[in-house]
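As given, the protein sequences belong to chains A and B, one line each in that order.
Everything in the first sequence is counted per UniProt numbering, starting at 1 for the first residue and increasing by one.
Everything in the second sequence is counted per UniProt numbering, starting at 1 for the first residue and increasing by one.
Worth flagging that the hints you see were computed from the coordinates, not collected in a lab.
One or more of the hints may lead you astray.
Restricting the straight-line Cα-Cα distance to at most 25 angstroms, the calculated cross-link-like pairs of lysine to aspartate or glutamate (DMTMM-like) are [to be verified]:
#  : chain 1 : residue 1 : chain 2 : residue 2
1  : B       : Lys234    : A       : Asp97
2  : A       : Lys153    : B       : Glu86
3  : A       : Lys234    : A       : Glu10
4  : A       : Lys95     : B       : Glu238
5  : A       : Lys95     : B       : Glu86
6  : A       : Lys153    : A       : Glu314
7  : B       : Lys361    : B       : Asp287
8  : A       : Lys95     : B       : Glu314
9  : A       : Lys153    : B       : Asp351
10 : B       : Lys346    : A       : Asp97
Protein chains: 2
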Amino acid sequence: MRTLRVELGERSYPIYIGSGIMDSIGELSRKHGISVKSPQLIVTDDKVAPYYLAQVEQALTAEGYSVVTHTVPSGESSKSLQVYEEVMTTAIRGKLDRSSAVFALGGGVVGDLAGFVAATYMRGVTFVQIPTTILAHDSSVGGKVAVNHPLAKNMIGAFHQPAMVLYDVDTLKSLPPREVSSGLAEMVKHGLILDRDFAYWCRDHAEELLGLVPETLIYGLERGCAIKADVVSKDEREGGLRAILNLGHTIGHAIEAVGGYGRFLHGEAIAIGMAGSAMLAGMLGRDQSLYAETVGMLQALNLPVTLPADIMVEDIMDAMQHDKKFAEGRMVFIVPEAIGSVSIVKDVPVDAVRTVVEQLKGEVNT
Amino acid sequence: MRTLRVELGERSYPIYIGSGIMDSIGELSRKHGISVKSPQLIVTDDKVAPYYLAQVEQALTAEGYSVVTHTVPSGESSKSLQVYEEVMTTAIRGKLDRSSAVFALGGGVVGDLAGFVAATYMRGVTFVQIPTTILAHDSSVGGKVAVNHPLAKNMIGAFHQPAMVLYDVDTLKSLPPREVSSGLAEMVKHGLILDRDFAYWCRDHAEELLGLVPETLIYGLERGCAIKADVVSKDEREGGLRAILNLGHTIGHAIEAVGGYGRFLHGEAIAIGMAGSAMLAGMLGRDQSLYAETVGMLQALNLPVTLPADIMVEDIMDAMQHDKKFAEGRMVFIVPEAIGSVSIVKDVPVDAVRTVVEQLKGEVNT
Ligand SMILES: NC(=O)c1ccc[n+]([C@@H]2O[C@H](COP(=O)([O-])OP(=O)(O)OC[C@H]3O[C@@H](n4cnc5c(N)ncnc54)[C@H](O)[C@@H]3O)[C@@H](O)[C@H]2O)c1
Ligand SMILES: NC(=O)c1ccc[n+]([C@@H]2O[C@H](COP(=O)([O-])OP(=O)(O)OC[C@H]3O[C@@H](n4cnc5c(N)ncnc54)[C@H](O)[C@@H]3O)[C@@H](O)[C@H]2O)c1
Ligand SMILES: [Zn+2]
Ligand SMILES: [Zn+2]
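Go ahead and model the full structure; you've got the sequences and the hints to work with.
Put into structure tokens, the structure is as follows:
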């Protein structure tokens, strides 16, 4: 079991990563001072529950904890205020008190939802994450928790750091292949923004990553988490630097929205977005080879790098406008400078972005 | 205009108190760095809006702010997740961004609701309080914001300190007399827990307070806020000391619940609770004169000190059990030691509390 510390002053916390470590959740909870006198809540979803819920429950009860559980439907639609209220109801009926903890067992959806419950139940209780997707290596660092509003994603939320994260890579074995690739998109993104060697490592170990080889996954997740943790330590509340984590996300969020949240997985959408950002870099006069290199990495991880023909360029442009990164024909964009380095460009011409989106619909041209 | 500073490190903020100061809200917002480039949201209720909304809107727009408003129905029922979502909708449609502020114009209900919106809109934006009730001198210090869950009050919330509070005592002129007394209950409570002189001052100036004489009110509100601020500075997240602010609240909350939230105002319920706490002090062998002194102060402020005959003792006891302050026949209680001083007693026999509740139904016996 490896331990990575996210440094955030008095809100610092460890991420435990390993294979076959799920059973230690009870022991670790004791070690972290979670009271056995208070009831604990596990939130999970109905795809994850059949595989891992009993195991987590048992590991906790074996250490003397009493546990209530709440299982939500799998998928983004559970990140709603309605489901949030239902989880709150379970917490109240389960008599959770201020010394209780909320455990998120699942991917980013369960993490964001349960985290927002933890942030706001009785004005905040302890939060523990047990990520079961690769993508959740991203959401388990940084303390961002949220639910969606019908008008906009992640609009309602808080910053609430977990007390610890337990990442057992064995849980990833049941993950559908598309979800694996989607999660790897965020992993390679962490390389692309800050660590050239790690970006190439992801490409060169693509087969083992896609094949879920434990040692390879553990290294990749640890390095991905560490890079994000480093950024978050320097800018916990997203005042500036943290924006670089959004490489590929401006276009990516628009793609997700136009696809009605469901057609594209988050990692797929941002993969196309990262290809777009690299293309934009070339148009802005930066290294022309960035695009081909980026596309090569993404394709090695089985990720898409083009937009399907039926997606309308103007729909993407409109959806980006929603993201409020526009002002007077210019927009803010995270643009690669080289593999492993990006900058925040505040005055990218909207027309250049439109050209990029148009070209994303064409053939891959490297 | 007087300024009181609530000391909370980097979350410190000023409370401006005065008569006829509402028009300076725009100027003060500029001074506090609230951006004129971002839209601002005023949340108020339908009893307060006709009196003061236009004035606040105008004071903000005069300084160059663009403003959206959301008016909720008056009363506790607006502290719900449903109304919260509606306010969120207004915020999103109004294109509020991370540099926007949410202004709460109203009493504790609007303050708690708008504060929870501010705490969670885009993971937290600036919060400004413009209290219009006496009771809100309490809620404007301490950063507790919340909405109710159908199963329990204030169950869903956060700690979110305002950037500033503007308290114009002129707004109190339109307050119904029962609401005036209700607010004065929290004011005298601040004296009862920590400031003997202030408690007697409240009694001796009851007539001017009830008559809303500006200078008297300004002094009383300032002192009340200062006492609470002092406690909160020492225990922002309610780890220990802050509990003393709950004098009268264990019984008081039960009375509110049994009365179905509506029959008793909050201050009325805690006035009866404070009379009960003083009675309990006597039963626990403390100064026997505390009860008579306390009752005298509360009655001077037109507050009730007994329970109506139709309220069932066991209903009050059950409602307290809900409050989870029970354990094995004992409960935690804030008990007066003298006027101006209290202690947290962890092992009050439940039977003693039952006797107190029974006696609260009798005649005032001093
Ligand atoms: N808070 C953050 O910083 C942050 C960062 C990135 C993404 N997110 C959020 O995360 C969400 C996406 O995360 P995600 O991709 O993990 O989504 P997810 O939680 O929906 O999981 C993806 C799918 O895999 C299933 N699943 C999860 N674990 C499984 C397992 N071990 N075996 C089999 N099936 C499993 C889920 O039921 C779901 O159907 C989005 O809502 C996004 O906004 C948050
Ligand atoms: N956050 C905290 O620390 C804290 C502390 C104490 C109480 N509270 C909360 O505050 C709420 C009670 O506060 P409240 O007593 O101010 O209630 P309130 O906001 O409901 O106001 C009382 C009534 O007076 C009306 N009103 C308000 N200002 C007026 C004015 N100037 N003129 C005419 N009418 C006016 C309101 O419409 C309402 O009908 C409760 O929900 C309680 O939980 C919070
Ligand atoms: Zn992402
Ligand atoms: Zn109170």
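Results for each hint:
no. : hint                : result
1   : B:Lys234 x A:Asp97  : holds, 23 angstroms
2   : A:Lys153 x B:Glu86  : holds, 16 angstroms
3   : A:Lys234 x A:Glu10  : holds, 14 angstroms
4   : A:Lys95 x B:Glu238  : holds, 19 angstroms
5   : A:Lys95 x B:Glu86   : violated, 28 angstroms
6   : A:Lys153 x A:Glu314 : holds, 20 angstroms
7   : B:Lys361 x B:Asp287 : holds, 22 angstroms
8   : A:Lys95 x B:Glu314  : holds, 21 angstroms
9   : A:Lys153 x B:Asp351 : violated, 52 angstroms
10  : B:Lys346 x A:Asp97  : holds, 17 angstroms
Hints 5, 9, counting from the list given before, are not met by this structure.
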